[in-house]
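Trainee: Residue numbers (our numbering), protein chains in the order written: chain E, 1090 to 1485; chain R, 1090 to 1485.
These are calculated hints, taken from the structure and not from any lab test. Don't take each hint at face value.
Copies of one chain are not kept apart here, so a pair can be met inside one copy or by any two copies together.
To be verified - Keeping only pairs whose Cα atoms sit at most 25 Å apart, straight-line, the calculated SDA-like set for lysine to any residue is: (1) K1338 to T1328; (2) K1338 to Q1428; (3) K1338 to G1397; (4) K1170 to E1458; (5) K1338 to P1422; (6) K1215 to D1301; (7) K1182 to D1108; (8) K1338 to T1423; (9) K1215 to D1372; (10) K1170 to D1185; (11) K1338 to Q1358.
Owing to the predicted nature of the structure, the values given are computational and were not obtained by experimental measurement.
Protein chains: 2
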Amino acid sequence: MATGLDSRAAASTQTDDPDSQVVRFGPDAPLTLDCGVSFAPLTIAYQTYGRLDDDKANAVLVTHALTGDQHVANDHPITGKPGWWDLMVGPGKPVDTDRYFVICANVLGGCMGTSGPGSVDPETGKPYGLDFPVVTIRDMVRSQAMLLDHLGIETLFCAIGGSMGGMQVLEWAVSYPDRVFSVIPIATAARHTSQNIAFHEVGRQAVMADPDWRSGRYLLEGTNPKKGLAVARMAAHITYLSDEALHRKFGRNLQDREAITFGFDADFQIESYLRHQGMTFVDRFDANAYLYLTRAMDYFDIAADYDGQLASAFLGTPTRFCIVSFTSDWLFPTEGNRQIVHALNAAGARVSFVEIETDRGHDAFLLDEPELFGAIRGFLDSAARARGLAGHEAAP
Amino acid sequence: MATGLDSRAAASTQTDDPDSQVVRFGPDAPLTLDCGVSFAPLTIAYQTYGRLDDDKANAVLVTHALTGDQHVANDHPITGKPGWWDLMVGPGKPVDTDRYFVICANVLGGCMGTSGPGSVDPETGKPYGLDFPVVTIRDMVRSQAMLLDHLGIETLFCAIGGSMGGMQVLEWAVSYPDRVFSVIPIATAARHTSQNIAFHEVGRQAVMADPDWRSGRYLLEGTNPKKGLAVARMAAHITYLSDEALHRKFGRNLQDREAITFGFDADFQIESYLRHQGMTFVDRFDANAYLYLTRAMDYFDIAADYDGQLASAFLGTPTRFCIVSFTSDWLFPTEGNRQIVHALNAAGARVSFVEIETDRGHDAFLLDEPELFGAIRGFLDSAARARGLAGHEAAP
Chain E
1090 MATGLDSRAA ASTQTDDPDS QVVRFGPDAP LTLDCGVSFA PLTIAYQTYG RLDDDKANAV
1150 LVTHALTGDQ HVANDHPITG KPGWWDLMVG PGKPVDTDRY FVICANVLGG CMGTSGPGSV
1210 DPETGKPYGL DFPVVTIRDM VRSQAMLLDH LGIETLFCAI GGSMGGMQVL EWAVSYPDRV
1270 FSVIPIATAA RHTSQNIAFH EVGRQAVMAD PDWRSGRYLL EGTNPKKGLA VARMAAHITY
1330 LSDEALHRKF GRNLQDREAI TFGFDADFQI ESYLRHQGMT FVDRFDANAY LYLTRAMDYF
1390 DIAADYDGQL ASAFLGTPTR FCIVSFTSDW LFPTEGNRQI VHALNAAGAR VSFVEIETDR
1450 GHDAFLLDEP ELFGAIRGFL DSAARARGLA GHEAAP
Chain R
1090 MATGLDSRAA ASTQTDDPDS QVVRFGPDAP LTLDCGVSFA PLTIAYQTYG RLDDDKANAV
1150 LVTHALTGDQ HVANDHPITG KPGWWDLMVG PGKPVDTDRY FVICANVLGG CMGTSGPGSV
1210 DPETGKPYGL DFPVVTIRDM VRSQAMLLDH LGIETLFCAI GGSMGGMQVL EWAVSYPDRV
1270 FSVIPIATAA RHTSQNIAFH EVGRQAVMAD PDWRSGRYLL EGTNPKKGLA VARMAAHITY
1330 LSDEALHRKF GRNLQDREAI TFGFDADFQI ESYLRHQGMT FVDRFDANAY LYLTRAMDYF
1390 DIAADYDGQL ASAFLGTPTR FCIVSFTSDW LFPTEGNRQI VHALNAAGAR VSFVEIETDR
1450 GHDAFLLDEP ELFGAIRGFL DSAARARGLA GHEAAP
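Next up, chain E with everything else stripped away, as it sits in the complex (with noise of 0.2 Å):
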C-alpha cells in the first residue's frame, strides 16, 4: 500500500486534475444549492460509454454509490482495476453501451475531480476543506442537471444507480420528471433510517478523532487522517455484507496460522480483511468528502418537503419505475424499497419491483448476480420500445 503522503496526493491529483472529462460552469452560472448558498464556480468531471444517437435520445445517467466514482467501466486512474460496475455497463452488458450513451459524473461533495471540499476555493487559493458548503442528494441531482444541459441533453432515457446512487435516481424522478423518461434505483431508501444515520456518525467521529484531521485542513497542514478513515470504512464495510456471506466467505476461518495466537494480530481472516479494506480505501478517498457525502446521505427524506406524504412527490409522474431489492441486505432493506412501491402505486405511477433472493447482503449491487442483469436488461428493453429507441421499436 501507499504510504500516507503517497496516497493523500494521489487522491488530491484526481481532485484536482482528474482523469476524466471536466466541464467548468463560472460564476455566470452559479449553483443554487438547499443550504442557500450560491455556489460558484462549479467543476465536474464525467466519464461516457458508447455513442449519443442523433436525437439524443438514448442517454443513461448511472449515479454512483459512497465510495464510488465515474469510473464506472473503465480502470480506475488511482487503483487500476476495472471500473466498479464493469459487470453491468458495457459492449452487449444490461447497459448495453453498443445502445446506449452511458454518463456517469462524479457526485457533487466527491473527490475526483468534481467540486468538493479537497477542491481549491479560487477566493483563497487553498483547498477549501470544511468551508465547502454542506451539500445534499437534491444538490447533486442538479449539478448533473447542469451537465445535461452542458452535453444537450433535454431527457435522460434512464437514470440507474444503487444505494446513494439510488438515491440520486429517486431524486431525478422527483426533481424532474419530465426530464428523465425511466429509472432504475437499486437497494436503496427514500429516506435514510436511524441506524443508518448511526453508522455514518461512528464513521464521521472515527475521522473527527483522528488527530491528522487538524479540523477538517489537513490538506493545508501536510497531514492525512488515514487511520481514521480506514476506521470509519471497516465500520462501513460491515453494514455492506451479510451475516451469512461473512459466515460463508470467513466463518472463523484463521488468517495464515494453525491456532489463534493469544494477541491482538489479525488471526482471523475476517480481520485480516476488514484492515485491508480500510487501508486500500485511504488510497482512493478523501476523509472530508466522507464526511460530506455520508451528510448527505443522512439528510435525504423525499417525504420531508411533502408533508411526510411520499405518494405526493411522484403524483401525476410519467416516469417508468423498476425498484430493486436483495433479501439479504440489512442496510438498505427490502421493506424500505417496498415503501417506495407503495407510494408509486398510491400516486398512479408505471412501476415494476424485482426483489432478488441472494446472501451477499447490500454489496450485492456491485456483483455477479445473474438475476439482477437480468432484471435490468429486461426493464431497459421494454423501456426502449416504450420510448421508440432505434434498434427497439416497439412491434407494429
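Dock chain R against the given chain E, drawing on the hints supplied.
Mentor: For chain R alone, kept in the frame of chain E given last:
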C-alpha cells in the same frame, strides 16, 4: 463529563482499589491460562447480595457482559447509577436475594478490581498494559471457580448472565458440570460469528488508531485514548439495539432544533445519543480492558475442543438449562441460541428454551422485559424445588 485525566483517574482507582470485596491469590495458587501462562498473583473483586444458607446450596453466580461489572444491584461507584441488573436481582426480584446468595465478580481482564491490563504488575511495579496475558472465557470461569473455592461453595445453584455473561454461563456448564445445578445463558452464542468478530475488530482498531493509546502504554505515559474508545463504544452500541428500536426511539427526529443545520453538529437525536454513549463510557472503562474482553469473546468457540460437535461438549451433563433469546437481537440472534438448544437435546440434557418477542434488540436482557422476568422466575422456582432448597421443597 469528567476530563480525560479525571476519568482515567476514576477508572484506574477502581482498578487498583475497588469499592468491592477482594480476594487475592498469591504465587502459591497460580491460575493456568489457556495461553499457557501460569498467572499470579491474581486479584478478584466481587459483590454479594443476600445470605448464604448454612448448607451453602443457594448460591447464584451472575456473570457480566463486555462492559458490565460486579455492581449488579448496588449503585455504581463511578457513575452513581443503579446497578446494571437492578431490575433482575434484589429482594422479591426474579433473582430473589431474599432466597438466593448472589455473587458477581468482575471478570479476569476487566478494569473494576479484578486483575486486568490496568493492574499493577508486581514484578515491575507498573501497569501490565499489553504484557497482561490474553485471556479466554474459560480463563474467566476458572478464576470464578477459584473465588467459589475461597467462599467454600462447592456447587452453584445457578449461573446466569447475558451476552458475554451468557458465554461464561455456557462455559461453566461445560467446564464444571458437577458444580452448577442450573444455568441460564441469555442472548448469547456457543461461538462468536464472523460478523461479531468484525465489529469487535473495528472497535479495537478505533482504540489502537488513537495516538493517545501509545501502543497500550497510556497509563504509564499519562494519556488516555478516550476518543478511540468512544468511537469503539458508539459502533458497538448500534449493534446492541434493533433497527426498529432506533426507529421508534429516535427516527429522524432532530436534536433541539427546528431544521437541519447543513453541518456536522449532532442534528439528529440519534447522533447526540451515540456521542453521549461514547463520552460517558470512557469515564468508567479502560481501553486496554476493552481490547482484552472483546478478544476473549472472539476466541470463544465451545465446539472447537470437541471436533466441532457442540453436543459432545454437553454429553451426560446433569445441569438444567434455560436458554433465552430475543426476537429482534441481530447480534446474538435466536438462531444461534437455537443451535445450543439442538445440541443440548442431542446430548440428552434437560433444557428449556424461551424466545422473547421484543423490538429492543440485544440490550433487551438489561431492560424491563416482564416476559423475561417471568421466565427466569419460573425456571428458578422449578429448579429450586428440584434442588430441595429451603422454602422451595418439592411437594410430598
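Trainee: Hint by hint, which ones does this structure get wrong, listed from lowest number up?
Mentor: The structure conflicts with no hint, since it agrees with every one listed earlier.
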